[in-house]
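Engineer: Top to bottom, those sequences are chains U, G and W. Heads up: the first sequence at position 319 corresponds to 319 in the numbering used here, and the numbers run straight through without jumps. Heads up: the second sequence at position 100 corresponds to 597 in the numbering used here, and the numbers run straight through without jumps. Heads up: the third sequence at position 138 corresponds to 980 in the numbering used here, and the numbers run straight through without jumps.
These are computed hints drawn from the structure, not numbers from a lab. Even for Gly, the Cβ is constructed at its ideal location relative to N, Cα and C. Warning: the hint list may mix true and false statements.
[Unchecked claim] Only part of the chain G face toward chain W is listed, based on derived beta-carbon distances under 8 angstroms:
id, residue
1, Trp-575
2, Phe-639
3, Val-647
4, Leu-653
5, Phe-657
6, Val-677
7, Ser-679
8, Ile-683
9, Tyr-760
10, Arg-762
11, Leu-776
12, Gly-822
13, Gly-833
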Amino acid sequence: MNVELKNIHKRFGKTYANKGINLSIPSGAIQGILGENGAGKSTLMKILSGFIQADSGGEIVLDGKPVVMQSPADAIRFGVGMLHQDPLDFPPMKLLDNFLLGMPGKLFLNRKEAAQDFNRLANEYGFNFDPESYVDSLTVGERQQLEIMRLLFLGARVFIFDEPTTGISAAQKTKLFDTLQSFPKQAITTIFVSHKLEDVERLCDRVAVLRAGELVGEFTPPYETKKFVSTMFGKEITLGERQPAKTGDVVLSLKNVFLEDTRVRIDGLNVNIRAGEVIGLAGLEGSGQGMFIRACAGLVRPVGGKIFLKGKNLTGKSYYAFKREGVNFLPAARLEEGLLPGLSLLDHFILAEKPRGVFIDKAYGQRLAEERIKSFNIRGTPASMVESLSGGNQQRAELALLQTPLSLVLLEHPTRGLDIESMIYIWSKLKDRCKQDGAALIFISSDLEELLQYSDRLLVFFSGKVSEPIDASGTNVEQLGQLIGGKGWPQKGDIHA
Amino acid sequence: MLKTKAGRFIFQLAAFLLAMGFVSLILLATGASPLEAYKNMLAGSVGSMRKFAEVLVSFVPLLLVTAGLLITFSAGLWNIGVEGQIVLGAIGSVWVLRQFVDSAMPPAMVILLSILSGMVFGAVWASLAGMLKTFGGVNEIFGGLGLNFVSTALTLYLIFGPWKREGVASMSGTEPLPDVFSLPQISDLRISPYALAMALVAVAIVYFILQGTYFGLKIKAVGRNIRAAYLLGIPTWQYSLYSFLICGALAGVAGALQVTAVYHRLIPSISSGYGYLGLMVAMLVNYQAVWAAPVALFFAALNIGSIQLPILMKLDSSLSGVLQGVLVLFVLLTEGVRQRFVKKA
Amino acid sequence: MNQETLLVGLAGVFAAAAPIIFAVMGETLSERAGVINLSMNGTILLTAMSGFAVAYTTNSLILGFLAGLLIGALVALVVAFASITLKQSQVAIGFVLALTCRDLAYFLGSPFMGVNGPRLQAAPIPGLSAIPVLGPLFFRQEVITYVSFFAIFIAWLWLYRTRPGLMLQGIGEKPAAAYVRGANVNLMRYVYTVIGGAFIGLAGPAYSLGVRAGWMGTISGLDGIGWIALSITIFGGWNPVRAAFGAYLFAFLQWLGLVLQPVLTQVPSQVLQVAPFPLMILTLLLVNIGNAEWVERTLAAMPESARKFTAKLLRAMRASPPAALGVPFERD
Chain U
1 MNVELKNIHK RFGKTYANKG INLSIPSGAI QGILGENGAG KSTLMKILSG
51 FIQADSGGEI VLDGKPVVMQ SPADAIRFGV GMLHQDPLDF PPMKLLDNFL
101 LGMPGKLFLN RKEAAQDFNR LANEYGFNFD PESYVDSLTV GERQQLEIMR
151 LLFLGARVFI FDEPTTGISA AQKTKLFDTL QSFPKQAITT IFVSHKLEDV
201 ERLCDRVAVL RAGELVGEFT PPYETKKFVS TMFGKEITLG ERQPAKTGDV
251 VLSLKNVFLE DTRVRIDGLN VNIRAGEVIG LAGLEGSGQG MFIRACAGLV
301 RPVGGKIFLK GKNLTGKSYY AFKREGVNFL PAARLEEGLL PGLSLLDHFI
351 LAEKPRGVFI DKAYGQRLAE ERIKSFNIRG TPASMVESLS GGNQQRAELA
401 LLQTPLSLVL LEHPTRGLDI ESMIYIWSKL KDRCKQDGAA LIFISSDLEE
451 LLQYSDRLLV FFSGKVSEPI DASGTNVEQL GQLIGGKGWP QKGDIHA
Chain G
498 MLKTKAGRFI FQLAAFLLAM GFVSLILLAT GASPLEAYKN MLAGSVGSMR
548 KFAEVLVSFV PLLLVTAGLL ITFSAGLWNI GVEGQIVLGA IGSVWVLRQF
598 VDSAMPPAMV ILLSILSGMV FGAVWASLAG MLKTFGGVNE IFGGLGLNFV
648 STALTLYLIF GPWKREGVAS MSGTEPLPDV FSLPQISDLR ISPYALAMAL
698 VAVAIVYFIL QGTYFGLKIK AVGRNIRAAY LLGIPTWQYS LYSFLICGAL
748 AGVAGALQVT AVYHRLIPSI SSGYGYLGLM VAMLVNYQAV WAAPVALFFA
798 ALNIGSIQLP ILMKLDSSLS GVLQGVLVLF VLLTEGVRQR FVKKA
Chain W
843 MNQETLLVGL AGVFAAAAPI IFAVMGETLS ERAGVINLSM NGTILLTAMS
893 GFAVAYTTNS LILGFLAGLL IGALVALVVA FASITLKQSQ VAIGFVLALT
943 CRDLAYFLGS PFMGVNGPRL QAAPIPGLSA IPVLGPLFFR QEVITYVSFF
993 AIFIAWLWLY RTRPGLMLQG IGEKPAAAYV RGANVNLMRY VYTVIGGAFI
1043 GLAGPAYSLG VRAGWMGTIS GLDGIGWIAL SITIFGGWNP VRAAFGAYLF
1093 AFLQWLGLVL QPVLTQVPSQ VLQVAPFPLM ILTLLLVNIG NAEWVERTLA
1143 AMPESARKFT AKLLRAMRAS PPAALGVPFE RD
C-alpha cells in the first residue's frame, strides 16, 4: 500500500510536535524513521495510526485516496496497523483469546475455527505458538510476533513498528527482520521507527530523519552513518571548555554485578567511581542504564556480584541503607516518583531535611524554601503546589531536594525539557554541590552534548551491553552516536579509560 | 475564577442548595411540608438547652471519629473499619469497668483506665486492618468491613454469652454498670464536659499534627504519592500503620465514651453508625481539620433534630441520614463538575 | 435429620442465595468493565423497599421487580457519571450512595413497614420436580430462584463465550489495548455499570418479595448484605461461576449456623448467624495473600519441592482483579 503524508502539523500547546511534514512511501517499501527522543517520531506515527488527529490542513493519502482516521480501529479498517513499543495485548489471557479480541464476527465465539486460522497463520510465518498458552508466558519478541499475526489477519497493509528491537534477543531480532523482509513481496509497506542506526541501516531501503518536529533529511542506500548522526543531532557540535575532574577516593564500586529485569540483562559489570567524578550514562531508553542507576540507589537488587559504597558492602541492603550512606536518587518521572502533588514547595524542602524535633519550625522552613527557590531559580513561592509549577521548575525543585550527607548523586535526565541557560545553571549548581560534599555524580541523559560536556567518563549502554568507561574528552558526538546505535562496538578491551 | 476560594465556595453553596432542593422534593413527594420538617429539625436540635446538650452528646463521638479519619485519609487510606474500632473501644472500656466493680480503686481512676483501655483496643483493632493490608494484600476497605462484622459478632457474643444480664440475655445489652463509673454531667443535662473537652482536644491535636509536625507531613506525603515518599526516605508502610493506630485509638476513645458517658453498658449497636458518619464528615470538609468541628456539629444537630419527626410529622427519623448523604453526594458531584470546567478552561 | 428435611434445607440455601447471586453477578460485570460499584449495600435496601412498595401498591410482582431493576440501574448511573465523566473517586461516590440509599429506603419505606403484601410462591416445574433428590433441590423453587440460576449461566456465557464479553474482559484489563481494537471504552463502562446496577437492583425485590417477604425497615436484616456481596465478588475472582459458588457457600454456612444451633447451645444463636462474616475475611486473605511481596520472598527461600507446591496452591486460590479496576481511561 502506498502511503503519503501531506503537510502534517500537530501542536501541543505552544510547541510543535510535527511541523509541515511531507513524506511519501511507495508500496512495499521498508521506510526507516530516525530521530532523537522528542523529535516528533511518535506523534507522527500516532497520527498515521489514528491514535490522535493531525491539526487541520494536512492529509493522509493511502493508495491515492485521502482518508480520515478517527481511531486506531478506523486505521486498521483502512489497512494501517501499529505495533507499540509496549505491546498492546492482554497478558493474563490465552493466546487465542488475545487473538480473537476485537476481531469482527458473530456474537458467539467460534474458538475452534479461530484456532485453525491461528495455527494456519502461525505456520505460514514460521511462528511457533500454542493458542492455549498464556500471553504472559511469552517474551516481548514473541508478543510482537503474535501482534503481527493478528494485524495480518485483520488485513493490515501498512505496518508501523515503534522501536521494535528494544528488549528482544538477537535471535528474535533476526526472526523479526526475516518477517519484515518478506513483506515487500506481498506489497505490505513497513514503517520502522527507531534510533538504532545499525538496525535501520540493515533493514530499511529508505530513511527519513526528523528533528524538532520537522523532516530534515531523506536518505537511500548506501548509508553514511556519520551523515545520519549529524542530521539527527543538528548543528556541528562545539565542545566548550571542559573542566578536568579532581578525583578523590573511590566512592562507589561495583564488582562483577549482574542485573536483570524482564527486558534487559547486564552481565558481570565492574566499575569504580571516585569522589568528584561525573559519570554520564548514554544509551537508548531501556538499554539497561535505568536499571544500573537504580541498582546504585539500592532500589534494584543485583542478582549477582557486590556493591560497595565508600568501602562498605551494601549488597542487598535496603534503599534506606543506601540513603543513610548519602546516596541521593532523583527519578525522571517527576510527578510520579519525584514530587508529591498536593504538597507545597515548602513542604517538600522540609521533608527532604532531617527532622529538627517534633514540630516544624515554620519560620526556618520559610527561610530555607526562599533561599532554595532563589538559589535554584525556581519560579514559584514557598506555598506553590508542585503540580502547578512548569516542567522546568519542577525539575529544579527536584534538584533542590538533594539531601545531606551527600556521597553519591544519581540523576535521571536532570535537564530534560530545560533551555540551555537553565542547563548551564543547574550543572554549575550540581558541580558545586558535589565538590563541596566530595560526592560523585552519575546521570542518565539522552542529550549527547550534555553527556560530553559535563561527564568526566561515559558508560554507553546497548541492549544490556555496557562499554568500558570512556574518557569524555577523548570522544565526540559521532562516535557516541554510533555506539548508542549499536555500531562500532569494540571487542572488550579496545577502549581504555 | 473557578480555581479561587470564592469559586469553590460558590460551587459548595450550589451543592448545598441542590441538596436541600432534592430533599425538599422527596419530602413533597411523601406529602410532607419541607419547611415544617426543617423547622421541626431546627427546634428539635437547638430549641432548648436540653436538646442542644443532646446534640453535643452525639457531637462528641462523631468529632473524635472524624478527627481520627482525617489522619487515615491524609495517609491515603479508606479506614472503613472505623465502626468496628469504635465497638472495640467500647468493649475494652466495659471490660476494664467490669474488673473494678466492687473494688476500692477510686472511680475516677477506673474511668480513666477504661478510656485508656478503649483507646488501646481500638488501636489494636485498627492495626489488624493495617496489617491485613500491608502483609496480606487485603484492601483496607474489605479488611475493615470484615472486621466490622467480626466486632458485631464479638459484641453479640459478649452480650449473650459471658457478659449476659442476670437472668435473661437480651438485645438491650449487658447489665448496666454502677453509677459511679459514669463521667460527671453538667447538672441534669446528659452531656459530660469531660467528654466534650476530650473530643475538642482530639481534633485540635489532629489539626496540629497535620499542620505543624514532621510526623503529619510525612503521613501526608505517604498519602499523596507513596512512591515519591519512599524515594524521599520515608518508611512508607510504617507510616500507614501509624495512621491506622492513631485513628483506631481515637475511635476507641469514642467507643469508651459511649460507654462511660452515654450508655453505661455494652449494647449491640454501641457505635451507632458514627464511624460511617465520620467518613462522610471527613469527605464533606474535604479532609481539612479546621472545618471538622462545625460540620460534625451540624451533622449531630441533624441527627438529634430528626428524632422527634416520627411523633410530630409521622416522618421517619432517617431523614437526617438522607439529608447528610445527599449533601455529601452533591458536594462530590459539583466538585467533579468544577474540576471539569477548570480543566477545560 | 432425615433426608427430607435435609433436602428442604439445602433447597432453601439455593433460594436464600438467589438475591446474593444477582448482586454478585451485577458487581462482577461492572468491575469487569473497570468500575467498582460500592453503593451495593444501599442499592439492595432501596430496591428491596421500593420493589415491595410498588408490588404492594400495584399488586403486581412483576412491576415490583421492574422497579428494583430500574432503581438499581439509576443508582449505578450516578456511580458511572461521577466516576467516568467527572473522574471522581469511585470509592467515595459509591460509599456515599451506599449510606444515602440505605437511609432513603428507611425514610421512604416507613409507611410500608410490616404491612402484608404480595410475595412469590413456589413454582414447581412439572415433571422435573418429581425427579428424586434433584427435583426437591432445584425444581420446586420460586420463579426468581430459577432466574438466579439463569443469571449465572448468562453472565458466564456472555463473558467467556461471546465477542462483546471478550471485549469486556479486555476493557477491564487494559483499556488502551481494547480501544485500539475498536472498543468505545467509556461508553462500554457506562453500559456495563448500568446493566450491573440493574442486576443488583433485582437483589432487593428478590428479598422483599421472596425469601424475606415484606419490608421491616431497620430490622429487615438486610443491612450488610451488600458488603458481603462485595467480598464474594472478590472471592469469586471476577468469574461468575466461582462467584456463584461463593454465594452458595455463604448461604450454606448461614443455614448451617441455624441447624447447628440446637447442638451448640453454649454459643449464642446471634453469633452463629454472623459466623460466615469472619470467614469471609479469611477467604479474602487467602485470595489476596499471593499478591503480597513478602510471600514471594518467603517462597523464594523455600526448598524446591515445598515451593512448587505452595506456589501452586497460592495460584489456585489467588484472584487478580481486572488490572484497570478503578482507573479512569483517557485516550492519550
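Engineer: Could you run down the list of hints and mark each one as holding or not?
Structural biologist: Hint check results:
Below 8 angstroms, beta-carbon pairs count as interface contacts, and Trp-575 (chain G) has one with chain W at about 6 angstroms; its hint therefore holds. For Phe-639 (chain G), the suggested interface contact is upheld, since its CB lies about 6 angstroms from the closest CB of chain W, less than 8 angstroms. The interface hint given for Val-647 (chain G) is met, as the beta carbon of that residue sits about 5 angstroms from the closest beta carbon of chain W, less than 8 angstroms. Given the 8 angstroms rule on beta carbons, the hint for Leu-653 (chain G) holds: about 4 angstroms separates it from the nearest Cβ of chain W.
Interface restraint check: Phe-657 (chain G) against chain W, minimum CB-CB distance 3 angstroms, threshold 8 angstroms, status holds. Annotation: interface hint on Val-677 (chain G) violated; nearest CB of chain W at approximately 29 angstroms, more than 8 angstroms. Evaluation of the Ser-679 (chain G) hint against chain W yields a violated restraint, the C-beta minimum of about 27 angstroms exceeding 8 angstroms. Against a cut-off of 8 angstroms between C-beta atoms, the interface hint on Ile-683 (chain G) is violated, since the closest Cβ of chain W lies about 31 angstroms away.
Hint status for Tyr-760 (chain G) relative to chain W: violated, with the closest Cβ pair at about 18 angstroms, above 8 angstroms. The beta carbon of Arg-762 (chain G) is not positioned within 8 angstroms of any beta carbon in chain W (closest approach about 17 angstroms), and the interface hint is therefore violated. Annotation: interface hint on Leu-776 (chain G) holds; nearest CB of chain W at approximately 7 angstroms, less than 8 angstroms. With a cut of 8 angstroms, the hint placing Gly-822 (chain G) at the interface with chain W holds, because the nearest CB-to-CB distance is about 3 angstroms.
At its closest, the beta carbon of Gly-833 (chain G) sits 3 angstroms from a beta carbon of chain W; the interface hint therefore holds under the 8 angstroms criterion.
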